[in-house]
Amino acid sequence: MSLDKVKHIVLVLSGKGGVGKSSITTQLALSLSLEGHSVGILDIDLTGPSIPRLFGIESAKVTQAPGGWVPVPVHAANPASGVGSLSCMSLGFLLRERGDAVVWRGPKKTAMVRQFLTDVLWGELDYLLIDTPPGTSDEHISLAETLLKNALPGQVAGAVVVTTPQAVATADVKKELNFCVKTGINVIGVVENMSGFVCPNCSECTNVFSKGGGEVMAQEFGVKFLGSVPIDPQFVMLVETGKRPVYPVGTEINGHDVGSAQASDKSAADTKDSSLLVEKYKDCSLCRIFRDITRDVVAAVSGQAT
Amino acid sequence: MAPSLEMPDNVQDVLSNPLKAAPKLVAPEPEHCPGPESEAAGQADSCAGCPNQAICASAPKGPDPDIPVITARLSGIKHKVLILSGKGGVGKSTFTSLLAHAFATNQDITVGIMDTDICGPSIPKMMGVEAETIHVSGAGWSPVWVLENLGVMSVQFMLPNRDDAVIWRGPKKNGLIKQFLKDVEWGDMDFLLVDTPPGTSDEHLSVNSFLKESGVDGAVVVTTPQEVALLDVRKEIDFCRKAGIKVLGIVENMSGFVCPNCKHESQIFQATTGGGRALAKEMNIPFLGAVPLDPRIGMASDYGESFFDSWPDSPACTALKNVVRRVGEEMGLKAESVLPED
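These protein sequences, in sequence, are chains A and B. One rule links them: number in our numbering = place in the first sequence (from 1) + 330. One rule links them: number in our numbering = place in the second sequence (from 1) + 19.
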């Protein structure tokens, strides 16, 4: 099947919606790619696919080749700069209009998830990240079932579980952790997203959705806490408009100074920057945080394999 | 040829006849098959291991005899409002609970909340009744009463342990939603607010088809300002259009954040494409208002308190009250009767 040449499969899960599963998937993919790995993203959020938007490839279409569907390339491998290739598959690429609702009941969603797992020609991949919708229902059950049946032993590395700090979110995410226990999916770790917001004016950090809930939850369930990721409006701007992130001098995020002296150099920021998303992401404050998270994930994944 | 999903007829079919569409089998019927349309479809002994099992289990079994029962059960409810959003985590449940609290400030009004988010129920926590269980009487299941005039029903009340996962496929979720409507003793109520999960799938189709006969006043669509969220919300509005649900309007949540230190307002989730207001204009539906991001709303939700009672003077509270009045107006009610001016 189409996953045969994929080395590791990592799921990105959360019981709660809007906590940043897709943006965490995006950043994990970019970081893995920056480390030189070849990466694929499979978006199985059928009724609300976000991956095409986050990579700015909403108008792309999937092409049919002998033997299956060809995923949409984001960028090719560049061995000179040590960047690995990145490609995506999402239901968003199959829609006629971007605003069209996909009104499907369970059986149809199940069939689509199976097709995504069997009919996409990924080729050789180091990592396949699977972005999921919120909940513990049809898509998740089908995913777990199909992987259990079809994946090679050791291929499914496990799940990165995303939460936000507040109790209302962790309450749902705990259900997802129990889902992983019941379906035998290994939990690689928990990422706490939207953990604090640094005011761009005074650099004061406010815990918009409180703080620390993810770490406490990880302890409670005896799983690794991979790190907390603050809200960075510059990242939102980067994916929404393609603007390269710049920070005022003195901005500190997770104890690191990310401010740049060029912040006042307006002309650089205003000119349309045509470089690749992966290149611009290097300037984002979150890139450093994700480098650490990614290293932990890679270590956990390769630790299992040996 | 590029694969794509260009089957608009199919969507119409699912919407108008969600419980009657013929099952599409993926394999020939096995020996001793009870028949894909029979009562036992997908559940008989011979169904075990059949590739059609899931399809048959969710397939329609003739016209639904329960719809008249639901209509009778809900006959005492004056207004039914759905809270929808294609996107998760935008504040559907927060808004639902705030709307309920606002309505309930008037002692003469009785409000009910039905939480149809089966896999991620948030209403009980936000209402501070997470540990409650459902009482069953001769008249049916009793909702959990938060206040004397505010009752709640959610799957959370049925879980043996708080953190248990509800690992259910569509048909089972639909079954529970039906029970919430058919078996719960809602009684005479002024408002029934239906909180939904994100997406446009089983729960939404079921709520729509079960409530069609008894009539829904409309849907309030919640969004956040950034395009990644609007993209999914657009799909939800498309769904409402196709399903014939009136959209009462759009509420933009998490709109702007005032730094408690320097009072500088920043756009955490930047409205690069104009936010909820532009979407409302584009879709030609009313814009009900924008509610700023206030960490205290999240805090009040975590502790199950009413934000209106805890922080009555905050700007977010004022904005929310205006939205509540606008919702009332869109339903054809007098704003003062819904929520009197302070």
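The set of hints was computed from the structure by calculation and includes no laboratory data. Some clues are possibly wrong.
For lysine-lysine, the following DSS-like pairs were computed, each having C-alpha atoms within a straight-line distance of at most 30 Å [to be verified]: (1) K300/B with K438/A; (2) K337/A with K573/A; (3) K391/A with K353/B; (4) K438/A with K197/B; (5) K335/A with K438/A; (6) K479/A with K554/A; (7) K337/A with K261/B; (8) K261/B with K438/A; (9) K438/A with K265/B; (10) K391/A with K191/B; (11) K191/B with K438/A.
Note that the structure is predicted; figures quoted are calculated from it, not measured.
Okay, the hints, checked on the actual structure:
1. K300/B with K438/A: Roughly 33 Å between the alpha carbons, so the hint for K300/B and K438/A is violated.
2. K337/A with K573/A: 33 Å, violated
3. K391/A with K353/B: It is violated: about 49 Å lies between the C-alpha atoms, which goes past 30 Å.
4. K438/A with K197/B: Within the cut-off at roughly 21 Å; holds.
5. K335/A with K438/A: 27 Å, holds
6. K479/A with K554/A: 27 Å, holds
7. K337/A with K261/B: The hint is violated at about 43 Å.
8. K261/B with K438/A: 19 Å, holds
9. K438/A with K265/B: Since the Cα atoms of K438/A and K265/B sit roughly 27 Å apart, the hinted pair holds (cutoff 30 Å).
10. K391/A with K191/B: 35 Å, violated
11. K191/B with K438/A: 15 Å, holds
The structure is inconsistent with the numbered hints 1, 2, 3, 7, 10, although it conforms to all the rest.
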